[in-house]
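Protein chains: 2
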Amino acid sequence: MSYIPPDRQTLDAILDTVNFNKDGLITAMAQNAEAPHVILMLAWMNREALGETLRTGRVCYYSRSRGKLWRKGESSGQTQNLVSARLDCDQDAILLLVEQKGVACHTGRRSCFYQEVTSQGLRSIMAPEILPEQLYSSTD
Amino acid sequence: MSYIPPDRQTLDAILDTVNFNKDGLITAMAQNAEAPHVILMLAWMNREALGETLRTGRVCYYSRSRGKLWRKGESSGQTQNLVSARLDCDQDAILLLVEQKGVACHTGRRSCFYQEVTSQGLRSIMAPEILPEQLYSSTD
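One line per chain: the protein sequences are X and E, in this order.
Each residue of the first sequence is one higher than the one before, starting from 1 at the first, in the numbering used here.
Each residue of the second sequence is one higher than the one before, starting from 1 at the first, in the numbering used here.
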């Protein structure tokens with residue numbers, strides 16, 4: 001399975017069907033295409049980020065804290081290549097199957113969802129695979 | 001694997017670590033525990049909904065359109081039993097492994113993420129397993 005981008009006109013028609021919220025965003029979940037039981041992360045996209053993602057096949061989010069496009073992996077190298085993108089029934093969330101290079105989480109874990117609720121409180125169920133310092137040492 | 005709820009004090013401590021947004025909500029994704037490559041849906045929870053979910057092991061969302069708790073399946077019968085709940089690294093999203101009774105989507109599909117982006121536009125990749133009229137006929 002590989003992703004084939006739509007042409008410009010088709011892409012615009014798809015983007016027109018998306019229900020961006022009052023801040024102009026939709027939620028985007030990334031699922032590991034090679035190990036699809038692993039949900040990697042949840043982030044946000046504005047129209048520009050979603051358009052870039054669907055046009056290039058390289059995942060680009062919108063960083064709410066930095067107020068700008070967040071090309072996943074541009075500082076860490078941990079890029080995401082799109083395999084399949086699926087909108088939900090009310091078009092305000094999108095599920096992305098991706099080939100994740102390295103790890104998805106800024107803590108160095110492969111997934112951001114590593115804090116499990118247990119009867120004893122929150123428990124980490126995943127160890128870092130790389131030190132955060134190593135993830136960002138190349139540019140920061 | 002089965003879910004064991006925390007006691008009241010532990011639950012309150014967990015809820016205190018959650019970063020609810022300015023509307024008092026976090027995003028919640030449901031993943032099918034029995035077929036974990038299937039992401040069922042994305043919805044929202046306020047503190048009360050998340051607390052009820054973690055206390056009872058029965059998934060309860062918050063309906064933004066109706067402005068009230070949405071006990072999944074209360075009108076359709078398509079309930080979700082919690083198997084595992086995992087917060088993400090910045091505690092503003094939660095991943096729920098659930099045993100889904102029947103289908104998750106109000107359209108009768110097992111997942112809400114059935115509209116794939118293709119070079120030709122959006123394409124449905126999943127057929128309804130039950131008619132929506134049948135889902136809601138018991139109470140509506």
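Don't take each hint at face value.
Same chains, same names: a pair is fine if it fits in one copy or spans any two.
As the list claims (entries may be wrong) - Keeping only pairs whose Cα atoms sit at most 20 Å apart, straight-line, the calculated EDC-like set for lysine to aspartate or glutamate is:
id	residue 1	residue 2
1	K22	D92
2	K22	E116
3	K22	E74
4	K101	E133
5	K22	D90
6	K101	D16
7	K101	E48
8	K68	D90
9	K68	E133
10	K22	E129
11	K101	D23
12	K22	D7
13	K68	D7
14	K101	E129
15	K22	E133
16	K68	E116
It is worth saying that the hints were derived from the structure and are not from the lab.
Computed from a prediction, not measured in an experiment: that's the story for all the values here.
> So which of the earlier hints does this model not fit?
Replying inline: 2, 3, 6, 7, 9, 10, 11, 12, 13, 15, 16
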